[in-house]
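Number of protein chains: 2
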Amino acid sequence: MNFIELLNDQQKRELEQQWEVLSYGVSSIIPEQEFKQKIAKSIKNQQPLKVKLGLDPTAPDVHLGHTVVLNKLKQFQNFGHTIQLIIGDFTGKIGDPTGKTATRTALTDEEVKHNARTYFEQFGKVMDMEKVELHYNSKWLSQVDFSEVLKLASTVTVARMLERNDFHNRYEANKPIYLHEFFYPVMQGYDSYALSSDVELGGTDQEFNVLFGRQIQEHYGQEKQVVLLMPLIEGLDGVEKMSKSKNNYIGVEESPRDIFGKTMSIPDEQILKYFQLVSPLTIDEVNEVKQQMEKGALHPRDAKMMLASALVAMLHGKKAAEESKADFENVFQKNQIPEDMPEVVWDGNQTVAIVDLVKELGLLPSKSEARRMIKNGGIRVNQEKVPDPATILEVKDGLVLQVGKRKFIRLRLSSS
Amino acid sequence: MNFIELLNDQQKRELEQQWEVLSYGVSSIIPEQEFKQKIAKSIKNQQPLKVKLGLDPTAPDVHLGHTVVLNKLKQFQNFGHTIQLIIGDFTGKIGDPTGKTATRTALTDEEVKHNARTYFEQFGKVMDMEKVELHYNSKWLSQVDFSEVLKLASTVTVARMLERNDFHNRYEANKPIYLHEFFYPVMQGYDSYALSSDVELGGTDQEFNVLFGRQIQEHYGQEKQVVLLMPLIEGLDGVEKMSKSKNNYIGVEESPRDIFGKTMSIPDEQILKYFQLVSPLTIDEVNEVKQQMEKGALHPRDAKMMLASALVAMLHGKKAAEESKADFENVFQKNQIPEDMPEVVWDGNQTVAIVDLVKELGLLPSKSEARRMIKNGGIRVNQEKVPDPATILEVKDGLVLQVGKRKFIRLRLSSS
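Those sequence lines, one after another, are chains Z and W.
Quick note: the first sequence uses full-length UniProt numbering, first residue 1, plus one each step.
Quick note: the second sequence uses full-length UniProt numbering, first residue 1, plus one each step.
Bound conformation, chain Z alone (with noise of 0.2 Å):
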């Protein structure tokens, strides 16, 4: 059934406007027409879409990364489509059966509840967490008996799945793909059939397994979902997926001064990008930077900084956008000091070269290290640049020691 042809004049236009927030920044949509229908249909039935999205239930550590997919959930939210998130609990209490990775063993219902609301919590930041539905996959796939296995396995051969990029490489190159590994994907297709999901959302490199819910649902009679592939957002690099494991990501549990200054950090060719994928701007806003960055109108340091302010206020908020930005035109536009810094106390010798004490206080790894960075002008002591790596310093109380732009730490002598 064709629901477009459906609708009447207001209702196409509420498509159309649907169509257009919901569509933007997506990498791809498989496929388009049937998405577009879905909308359409979900108007005429005055029905929310079902809108998923998976979860790993180990280490829930949330970056901007992620802020990809909560935003664009957000748009849905913001549409009235319910959100379905999915707690991958059932392989997690399994643990990993293979004993590969002593790490992962095993987790208890305790820990998966509580890297739940470990996830809820940093979501919040983002997104309206009160309307979201929050399901655990043990609940049906606990349930999924031997025959039905069988029946789930019959639907796919294996050079399909061998086809798949991280199994084809681990084939070719003879390291071991266990058997079991097949199954996460027909697992997470399962679970779009378990709870009827219309759309699913990951990241492009989540592709063969987003699909492969359609491939259940059919299975099962069932309307296929539609998948939303969204970009991969580079870290703070430029190059690579911004990943934990990477260590090139912002955090959304980060202070607000760390998140400005890490978000300065990003390459000028990243901007756009991020004010696209990560910040809450609206289209017409990120429209608006676009053409003025075009123009040269809006220097890339002035785009940064409203992109800075944007992403510390979306997830510190407003106050803590203005502060952290005000501190950072301080630091690093007047080269000043900030007003409050971590305090040390120093307990050794008061005579010390200057690598010592950098190396000491653990501000660098090496001894080495102190002295390029000496040389490339980026120690400073009391604001003052150190000229020598040879240096010896008299510590006083109060000294204040700079390393590279926002490293700051303020000595004090041991009262003893």
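None of these hints come from the bench; they were simulated from the model.
No distinction is drawn between identical chains; accordingly, a pair holds when it is met within one copy or between any pair of copies.
Think about it this way: if two alpha-carbon atoms lie no more than 30 Å apart in a straight line, the pair counts; the simulated DSBU-like pairs of lysine-lysine are: (1) K175 with K224; (2) K244 with K151; (3) K74 with K318; (4) K405 with K262.
Given chain Z's structure and the hints, the job is docking chain W onto it.
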């Protein structure tokens, strides 16, 4: 623990005796030493071994190819060990979920039970079925849940599965392998665990599947079974493995005359293998035959007569063996016609070309086949060779038509 060392002298002789019989004619024992230990342990503890054979619940048409394994089971039985027959009804009840073959639909409980009974009756011709344990694997496999399936799947790699001959060949030829097919060996292995089997029998073509039981048992911390691979016997052509699909088999339910005649048609090189693997003769008796043949004291034709008599006696009793032997001598050695043969009422034209008659009666598939056979002197009417493919017959009541060595038909004219 080394059980062999724990045996007294009498028990050691018992061990030697069992070993000699049970290892006789086996293609490979994996691993040999474990098997010897299992027998020793069984003697020491007066605990019979559990000897497993898995059976496909579909199409139980038992032929002499199966007898290779059945004779071995019978030898185990003779030493007091326990036979576990497993009907693989779990997958049978699921059917082939891919729907690749229209015929392999799910079997009902009644069909499974019927097929099991048929196995029982046919196996009963070779071994004592009273002492046999019969199991249906749906009993335990239907209880296995998804998380257990994942744990089982984690014990094997995809690469290992693809090493299996038929999977490997299909993968290389880009023919689809459905994921559930990987679970057939897993399920077969689980059966061994469920029944704590000590020994599993299978044809050499079953090596991958039967060895899998060892892996599953180890996963559950159970003592691993030993695997006895039995040679595959060639069919009447002496080349291909005996099988229903090649139509080169001797079925255990065939008539004494057919069994006798078919046995007489095997190539001479197969005689000893048949004696060793499918006849009920003892090792000593078989060795005697072998020696006599090597000396030239026993002509291959006479050896085959012995073999054929032994097989008919095994399947139909002594009397039937004597009758079919006498019958065979009548027909083939003195070129007489058998005492009784099928009668067919001929209501076609009384004047008919011989090739039409043979085709109409379904004795040969085509007229060109009939012409070829006549040229080779293979068709007789009332014991006289038909010399010319163009021969026209006058059909008379009681006419005896012989096609090849063993097809006889007596024609009756319809009384109308």
